[in-house]
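**Q** Okay, here's what each chain looks like letter by letter:
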Amino acid sequence: MALVADAVVPGQRLGHVQEFNAGVGTYSRQDFIYASVVGLKKITIENNELPTMTVERENTQSAMPDIDAIVTCKVVRVNPRFAAVNIMVVDGKPCTDDFQGIIRVQDVRATEKDKVKIYNSFRPGDIVRAQVISLGDARSYYLSTAANELGVIFGTSVAGGSLVPISWQEMQCTKTKVIELRKCAKPM
Amino acid sequence: MPSLISPAERDYILKGIECNVRADGRQRPDYREVTIETGVVSQTSGSARVRIAGGTDVLVSVKAEIGPVQVDPETGDGADKGQIVCNVECAPSASQQFEGRGADDLNNELTQMMSRFLSHNTNTPAHKSSSTEAGAPAAPAGPGGINLSKLCIIPGQQCWVLFVDALVMDYGGNLMDAIFMGTRAAIYDTRIPKTEVQDLGDGQFEFEVLDDAEDTDIVEGREDMPICVTLNKVSDHFTILSLE
Amino acid sequence: MDRKRVPGPELSVAPLVEYPSDFKRWTPLDEIRHDPKRQPEDMRPIYLKTGLISQANGSAYIELEKTKLACGVYGPRPVKKVGQVFSGKGVLYCEIKFATFSCAKRRTNIRDPQERELSQILSQALSPAIQLDKLPKSAIDIYITVLESDGWGSCVAAAITAASVALAHAGIEMLDLVAGCSAAYIQTGPSISSSKDSIAASRPPQIFMDADLEEEKYEQGAIVLAYMPSLNEVTHVLQSGKAEGSIISQSVEHCMEACNKIYAVMHHALLESINDNKEAL
Chain Y
1 MALVADAVVP GQRLGHVQEF NAGVGTYSRQ DFIYASVVGL KKITIENNEL PTMTVERENT
61 QSAMPDIDAI VTCKVVRVNP RFAAVNIMVV DGKPCTDDFQ GIIRVQDVRA TEKDKVKIYN
121 SFRPGDIVRA QVISLGDARS YYLSTAANEL GVIFGTSVAG GSLVPISWQE MQCTKTKVIE
181 LRKCAKPM
Chain A
1 MPSLISPAER DYILKGIECN VRADGRQRPD YREVTIETGV VSQTSGSARV RIAGGTDVLV
61 SVKAEIGPVQ VDPETGDGAD KGQIVCNVEC APSASQQFEG RGADDLNNEL TQMMSRFLSH
121 NTNTPAHKSS STEAGAPAAP AGPGGINLSK LCIIPGQQCW VLFVDALVMD YGGNLMDAIF
181 MGTRAAIYDT RIPKTEVQDL GDGQFEFEVL DDAEDTDIVE GREDMPICVT LNKVSDHFTI
241 LSLE
Chain C
1 MDRKRVPGPE LSVAPLVEYP SDFKRWTPLD EIRHDPKRQP EDMRPIYLKT GLISQANGSA
61 YIELEKTKLA CGVYGPRPVK KVGQVFSGKG VLYCEIKFAT FSCAKRRTNI RDPQERELSQ
121 ILSQALSPAI QLDKLPKSAI DIYITVLESD GWGSCVAAAI TAASVALAHA GIEMLDLVAG
181 CSAAYIQTGP SISSSKDSIA ASRPPQIFMD ADLEEEKYEQ GAIVLAYMPS LNEVTHVLQS
241 GKAEGSIISQ SVEHCMEACN KIYAVMHHAL LESINDNKEA L
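Protein chains in written order, with the UniProt record's numbering: chain Y, 1 to 188; chain A, 1 to 244; chain C, 1 to 281.
Possibly wrong hints are sitting among the right ones.
So these bits of chain A aren't anywhere near chain C, every CB distance computed over 10 Å [claimed, not checked]:
#: 1; residue: 26
#: 2; residue: 34
#: 3; residue: 40
#: 4; residue: 53
#: 5; residue: 79
#: 6; residue: 109
#: 7; residue: 152
#: 8; residue: 226
Distance condition first, Cα-Cα at most 25 Å in a straight line; then the derived SDA-like pairs of lysine to any residue [what the hints assert, rightly or not]:
#: 9; chain 1: C; residue 1: 81; chain 2: A; residue 2: 95
#: 10; chain 1: Y; residue 1: 186; chain 2: Y; residue 2: 137
#: 11; chain 1: C; residue 1: 134; chain 2: Y; residue 2: 81
#: 12; chain 1: C; residue 1: 89; chain 2: C; residue 2: 139
#: 13; chain 1: C; residue 1: 80; chain 2: Y; residue 2: 81
Since the hints were derived computationally from the structure, they do not count as laboratory data. Here a beta-carbon is modelled for each residue, glycine too, at the ideal position from N, C-alpha and C.
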């Protein structure tokens with residue numbers, strides 16, 4: 001339940017830590033809660049807990065991949081060790097600038113990791129749903145598709161038709177009925 | 001490279017500073033030992049080497065050369081003034097982070113800082129020196145103390161240009177302090193040859209640099225030169241001359 | 001060497017300006033400021049607006065009479081620089097550029113040492129206010145273009161103010177806004193006697209807040225202060241020239257007061273940006 005809606009700017013004092021919990025868009029410092037973004041302040045009251053102070057951003061910053069976030073990405077390159085991808089959407093929010101990520105061969109699926117072949121799991125151009133497992137190295141985030149609902153969600157066959165999943169590791173071309181191998185995501 | 005310290009070590013340092021004792025036994029407001037040598041480079045007009053115990057080692061040299069005066073076209077300032085040109089360079093051998101172009105930003109920052117203090121002319125659009133208009137507040141010397149008018153040989157034509165170059169040979173914190181100490185020491189050490197100006201008439205002048213090593217000028221205003229002390233704020237206390 | 005543009009003559013001088021005979025240049029002797037309407041502690045009126053650069057994540061434009069600059073913030077975005085090592089904290093990169101026509105003397109297109117130094121000063125002044133630890137592996141880029149400069153100090157101060165408003169406008173999490181303010185120490189009044197040494201002893205210099213170019217020509221020293229008004233913390237002090245310690249601490253006080261006034265302007269500009277968004281919807 002939202003009680004107060006009021007516009008605030010970074011650094012504005014919102015209350016005492018004894019009165020509120022610091023939520024999204026706020027931070028606490030020396031017994032006080034301050035706003036950290038421009039936006040509208042909101043106080044949500046939950047039963048038997050301190051009310052939480054949050055600030056809803058007015059100008060959303062670009063989405064950033066974070067550990068455990070579910071991302072949607074496009075495969076740009078594959079080699080036997082990993083598939084390189086561009087992260088385009090993080091938790092349903094689009095990124096203004098593509099972030100680079102890689103899905104290493106050991107992170108493609110949860111079982112029989114030694115049998116995984118990248119080329120039988122992803123092809124360049126595929127759209128993949130994956131989870132961020134680490135901030136990775138200087139350049140790329142490390143992603144994983146080791147779960148039923150993670151994997152290729154859209155792809156194009158060699159002939160140019162779109163692919164539909166027929167099993168968890170096969171997809172069929174709608175045009176030519178040719179079966180191609182992919183690590184498919186379970187339809188949600 | 002930012003040196004890595006463990007939380008335990010960090011805590012040890014912080015607690016020590018709170019108790020007014022630092023890792024090397026100093027109290028908070030204590031300096032490290034400073035060694036200054038002058039006249040270390042024979043090819044210069046003046047030089048100094050400053051070493052601070054624990055690493056920092058800076059060599060400052062002053063070279064005097066003759067050049068044309070620089071006049072501000074709008075105000076006509078500068079016709080009777082010499083110039084000081086500063087440069088700070090961090091040797092790549094001083095620290096791993098100075099490798100390649102790594103020191104560029106630091107070099108530039110320190111150079112600009114020094115120029116601001118010494119020559120008062122950081123090529124800012126604003127010309128800060130005094131005006132020649134009668135009655136205007138005339139600052140006799142820049143903030144660096146040095147009397148630039150005394151460095152002029154023929155007003156409107158020739159002047160001494162002092163090139164102050166600092167070379168950082170080892171980096172162990174408190175770079176700024178060492179550079180300022182070194183600059184002051186090197187300027188104190190500087191001897192500029194005397195000149196003799198002859199008036200040839202028609203506004204023509206000629207001058208001769210006297211080649212007498214015994215009879216030379218000092219840099220006037222050297223006793224007013226600034227020095228600098230770095231304070232580091234560690235939690236709620238200040239420490240002087242801390243290590244990196 | 002700049003090979004991308006057709007360069008002008010290697011050596012050029014600004015033309016000498018001949019003023020009419022009744023023209024009187026401002027000097028501190030007048031005991032009033034260059035702008036006679038201003039008191040020593042008065043700043044110039046500030047115009048501040050967000051969201052002028054549509055492509056940037058956040059932007060701000062600031063105007064203090066003849067000091068005008070625009071600021072764009074891009075990011076947080078992935079670090080693109082080669083050779084960048086992994087960093088758990090975000091990187092703040094600032095670049096300030098004087099337009100070639102912004103100063104009395106033409107500036108070059110190439111970044112000069114002064115611009116590079118100002119860029120460093122800016123990132124030092126702003127980074128304490130940004131929660132960079134919440135942005136691992138990413139970079140925030142701030143680009144500032146000075147369109148017109150009327151005083152070096154006021155330019156730096158305005159750049160700090162505009163950049164922090166643009167950062168807030170970009171939705172980047174900050175601890176506080178940073179306001180920048182400048183002041184110059186100027187010896188005023190006909191106290192100048194023939195003996196040079198008596199000047200310093202005669203009377204303390206006046207502190208002129210937010211000095212303009214004409215006043216800067218007579219300054220003995222200047223200070224630029226970056227200050228976080230609601231946390232009551234100073235993030236950067238840039239002091240040049242010489243002045244007594246008491247004058248410096250006094251001017252720091254003055255600057256902090258002025259920063260509180262600037263904060264009100266920044267606050268207003270950001271709230272306006274919210275209203276603009278509402279109207280657009």
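**Q** Tell me the numbers of any earlier hints that the structure contravenes, in ascending order.
**A** Checked against the structure, the hints that fail are numbers 6, 8, 10 and 11, while the rest are satisfied.
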